[in-house]
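Engineer: The residues making up each chain are set out below.
Number of protein chains: 2
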Amino acid sequence: MGKKKLSRRSLLKGAAIGGIGAAVAGSQLLGKTPKADAAGISGELARVMKERGLSPDDVLAAAKTYIPEGVHDPYLCISSGGQSGQLILYGVPSMRILKIIGVFGLETWQGWGFDKESQEILKQGNVMGKPVYTGDTHHPGFSETKGDYDGEYVFINDKSQGRIAVIDTRDWQTKQIVKNPVLKSTHGGTSVTQDTEYVFTACQYAAPYDNKYYDPMDQETYNKYFRGGHTYWKFDRKKGRIDMENSFTIELPPYMQDINDCGKLMSHGWGFSNSFNTERYLGGIERGNPPFEAGCSANDTDFIHMTNWLKAEEVIKKGDYKVINGHKVIPMDVAIENGLVYLIPVMKSPHGITVSPDGRYILASGKLDTHVSVYDFKKIMHLIDRKIYDGKDPYGIPILSMRRTLHGMVQTGLGPLHNQFDVADTHIAYNSLFVDSAIVKYDYIKLKVLDRIPIHYNVGHLTAVHGDTVNPRGKYLISLNKLAIDRFAPIGPLHPQNHELIDISDPLHKNMRMLYAMPVPIGEPHYAQIIETSILKKRTWKVYPLGTDATTMARSPYRTLAGREKIIRKGNHVEVWATAIRSHFNPEHIYCKVGDKVTIHITNLERAEDETHDFGIYYYNVTASLEPGKTATVEFIADKEGIFPYYCQEFCSALHLEMFGYLAVLPKDAEFPEGAFFNHEEE
Amino acid sequence: MGKKKLSRRSLLKGAAIGGIGAAVAGSQLLGKTPKADAAGISGELARVMKERGLSPDDVLAAAKTYIPEGVHDPYLCISSGGQSGQLILYGVPSMRILKIIGVFGLETWQGWGFDKESQEILKQGNVMGKPVYTGDTHHPGFSETKGDYDGEYVFINDKSQGRIAVIDTRDWQTKQIVKNPVLKSTHGGTSVTQDTEYVFTACQYAAPYDNKYYDPMDQETYNKYFRGGHTYWKFDRKKGRIDMENSFTIELPPYMQDINDCGKLMSHGWGFSNSFNTERYLGGIERGNPPFEAGCSANDTDFIHMTNWLKAEEVIKKGDYKVINGHKVIPMDVAIENGLVYLIPVMKSPHGITVSPDGRYILASGKLDTHVSVYDFKKIMHLIDRKIYDGKDPYGIPILSMRRTLHGMVQTGLGPLHNQFDVADTHIAYNSLFVDSAIVKYDYIKLKVLDRIPIHYNVGHLTAVHGDTVNPRGKYLISLNKLAIDRFAPIGPLHPQNHELIDISDPLHKNMRMLYAMPVPIGEPHYAQIIETSILKKRTWKVYPLGTDATTMARSPYRTLAGREKIIRKGNHVEVWATAIRSHFNPEHIYCKVGDKVTIHITNLERAEDETHDFGIYYYNVTASLEPGKTATVEFIADKEGIFPYYCQEFCSALHLEMFGYLAVLPKDAEFPEGAFFNHEEE
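Note that the protein sequences, when read in sequence, are chains A and B. Note that numbering that gives the first Met the number 0 has the first sequence beginning at 0, numbered continuously upward. Note that numbering that gives the first Met the number 0 has the second sequence beginning at 0, numbered continuously upward.
Just chain A, with the same shape it has in the complex:
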């Protein structure tokens, strides 16, 4: 691992230095200022290579990933944060992380969960009425139009609580969280239909739809009450929000549905997911049974599940559904009756499932089998249209023949997990091999392996530029590796993850070339998508319109203009309409009494880009990030007497430290000093 082939490299290095040195001698093009001397620079490069132990390949990789001063990365990658519960955004090919965004958990830099407005969003994610901040984000997905990323919204799931969130790329903040009313754990998803009619998620750990106890170690009980599902979340593009009312779940058996993908073009209308526990194994290592990992892997095949959301809409319209926890559920028998669900066997405990750019081929990775299985949608439909089944599962769901739906299989290696696509008409896909720590490039029509590259180490998913769309762009592939082990300077037992950037479009080389290793310093990404930056540039805001509530993206009712600041005390409620602008808050003093509720609305009056302020205060556990134009509110009960400094927590100006104030909490029986409250009558 990580050892260089020293002799060959030294040789090459020497040669390269020699070659560049030849340029030194040969080139006297522009005179001899330190920067202008091309020969001098070539000599410098040679010296740096020698000093730093760089091979010519290293210099090439560096040149392919370096972004010059002030230039923007041409691609952006959205990556999940795993147990950080966040979304990570980074530039490609520089592999520099640009933003880490709070989604399901608390995050103080953005004031996420610490200002009133964001607290309302997080509340939407409550589980059985309680806040749950332990999110596990897995699969971010851009909204799509005509099957390509339009970049307006990002959806992301939380596997641990069965939630999804909607992020608006105008300001890259979370706008909505939705808790699945029937599924407790959703791994597959988010995947979107080709015009984002729906956001598709699949259940992971089967559980009863209700909140009752059922013995998970009783096979009959388990078979009868534990369920999986495919949930289709209706997306209202105008509002930019999930429409829970018009969302629905298709009830499925407890097979641990897994990764999913939506059909497109010819397969538009269908959703596909894998699964890994058609055995319906109950586990119980504590009772001497084989553990889940053994029992779930017993069968030679598990099932791909296909569900038809387009037809399901009709079934819903007919009123053929149950309502469970306020959510529309199409029961299995209704689904079967209406041809909404089919199963196809796949080797062996499969993982990723990906639909090809033209919508025709469905690729499944074997995980415990060494093949990628390529299914042909036309063959699938041929059998479905003629009702040619290979039997039914215990719940009565029709099974289609694996042999008759397969286009073919390609042997890629040990532990195939996921696939991504190159430019559509190349018919090239890339398969990640977890156990082999490698990526295989192959032709999924000709079923032929073309190239293989080692990665470091144990890759999960892959992402390519626009890789999930009808129009993948090629160019770059990123390997989302799960283990870093020795790749980075040691920083303790908890290691970063390792995202490796691979060049897949080098015109001189058909083969993949490793370019860059990027440690992921927080969380554990599981899935990512890469989009052209230009798509986002037109959309993303630089500042907020003055007085915007970031959670509604509309004017806040508490917007305060300069000169309109006020403090009003009504009963035991002190309400402040404040402003922030370089370099002061207004007001600089807030008085209240012990036990008062204090509500402070702050508007950042700046119009200049990046002139962000931030509100921090002693003891009261509230904070707000105040971007230019934003209005945010903090609220608390002033339960302790005393002096509480507050100040600007985002370095904004030369006089940033002088941007502060005092909250003064009086005992109940004390008198307020004169001028403590001021009130402008005009609105």
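Because the hints were derived from the structure by calculation, they are not lab data. Just so you know, these numbers come straight off a predicted model, no measurement behind them. Just so it is clear, CB atoms sit at the ideal spot from N, CA and C, and this is done for glycine as well.
Partial pick of chain A residues on the chain B-facing surface, computed with a CB cut under 8 Å:
| id | residue |
| --- | --- |
| 1 | Leu97 |
| 2 | Asp257 |
| 3 | Lys366 |
| 4 | Leu482 |
| 5 | Pro495 |
| 6 | Gly615 |
| 7 | Pro672 |
Straight-line alpha carbon distances no greater than 25 Å define the calculated SDA-like cross-link-like pairs of lysine to any residue that follow:
| id | chain 1 | residue 1 | chain 2 | residue 2 |
| --- | --- | --- | --- | --- |
| 8 | B | Lys310 | B | Lys378 |
| 9 | B | Lys592 | A | Phe225 |
| 10 | B | Lys321 | B | Tyr213 |
| 11 | A | Lys509 | B | Pro67 |
| 12 | B | Lys537 | A | Asp485 |
| 13 | A | Lys639 | B | Pro180 |
| 14 | A | Lys541 | B | Pro453 |
| 15 | A | Lys639 | B | Asn210 |
| 16 | A | Lys178 | B | Glu640 |
| 17 | A | Lys639 | B | Glu119 |
| 18 | B | Lys565 | A | Ala293 |
| 19 | A | Lys317 | A | Asp242 |
| 20 | B | Lys378 | B | Val469 |
| 21 | A | Lys592 | B | Asp217 |
| 22 | B | Lys596 | B | Glu634 |
| 23 | A | Lys565 | B | Tyr213 |
Starting from the known structure of chain A, fit chain B onto it as the hints suggest.
Structural biologist: Positioned in the frame of chain A, the structure of chain B alone reads:
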């Protein structure tokens, strides 16, 4: 901003390409395999440069920062996270972030605040008995031995709550949080004495030491009751913890003490800090007064504060202190009487204060004045020893003459904030100019400016390799810029910060050269330190000894070996001793009743590096990161009946998804199934 000088660059680029192209023609050293052909590679480099618009300088910068596959960064940088309340760790010169560490707030990836052990640490940071998760980290500092970083511990302050934390570099996790019992806001610090006898912090926003109300807008009250201070935290190296019992604060006037630094070598025993409100201005823009930013800047000078902690130890031994909130405080009059405190005027509302590597010179940046003021410790002591004062401040503290303590002043530019040192005997320092967006290199003995480089934009502090020590290494300087504006792809109104890496040791060039721009994606760093990775390599653990409690770094009483798993129910408490190893938890089922307290201790039995597992569960808002060898505990009240899946949240193996279990919560009147509890009698 950010525009290239196109014509000159294009010219240079053409020249370089031509030069390298000459090498193409001239060099046929090693035959023609794609990797081995030096000429081919030079040709490739030229093509990549053209395609990507890189100048020769860009290629040089890329070559100077690129780290080849599997090679470790030679330097590590610790940076504060600002309002993220975290510590950020990144590699230099690759500028890749390696880890983001939870300190004062909650963080789910590390389970920080979500497992029982870490909750105990966070509790130490409670303010007036309540948890406050809104930390504002500013100044991390490595522990020192003989005035150089020994890298064993990192201290970091929280400006917003007056707290500091101790991080152990064996596993880079927070081990202790300490709340300052008398100061509510501490900006200056953490700075360490040369053998880490003490960790030094200075007050920012003056406030009364107690928790009573005093009118902040009454001058007499303010002058009488509002206080600043210098707190010296005793560090017990053996325990690796702050010893609160032997820590103390020297009471100071309400001058808003600011950035601080400890003396070293000849100035060992002293602590220095700046200040910005000797005006004792009260503000009140809401009442028509000039805001704080104006009033605090009225005077031509503010004060450097010098306090003598070495002498203060003697005063404490004599018993000459008060106890406030359980903390030893040396009152101002006692401090004055014992020669523990002196003031020196400095222009104008100064910011950074830094002691030179030999301990003799104290550099203060003017902030609102365009100079760096260089004070001479020998001159200072000359006056102190002879009691030659320039009067006293309103509290009776002796003032030393600015003129007679200055070595000299250097005019650097607009908004000087901070200084860092190059190799000691060069007498070179670097000054950050916030308003000018530049860095100036100068000789602080000769008081001569040597070079200037623009940065992007508005730099706060700087950091150089071992820059705060007796032995700075030179090589690199990082500019911690506060505004990024247009430097990175647009990602909404909340921008990343921008850390720019500068080459200060290029043997061919006396001048500074910009190398790399690193966006900081979460929080806002204020200060950083850079250390040689080799110092840490011997110390940092790869795995934990089996069964370690990470908060004590010793064996957990709950360590569970394979085969020793058990579930015991006593009354309404279900306690589980569980294990995690690829790819299963043991047990896979936990039964309890509604209302039971459930305590789950999990030991990760893996011994392989980076084989981390993680515990996540539905609804109960607990999680634990389980590094190899670690034992961690989660605890909750099972207040809802039903089925709650739990699973491994850190991708650990091919069968990672199969690593799960069920918590089954029975209604109170139901019967437990057989085998629900099992108990191994032997310990």
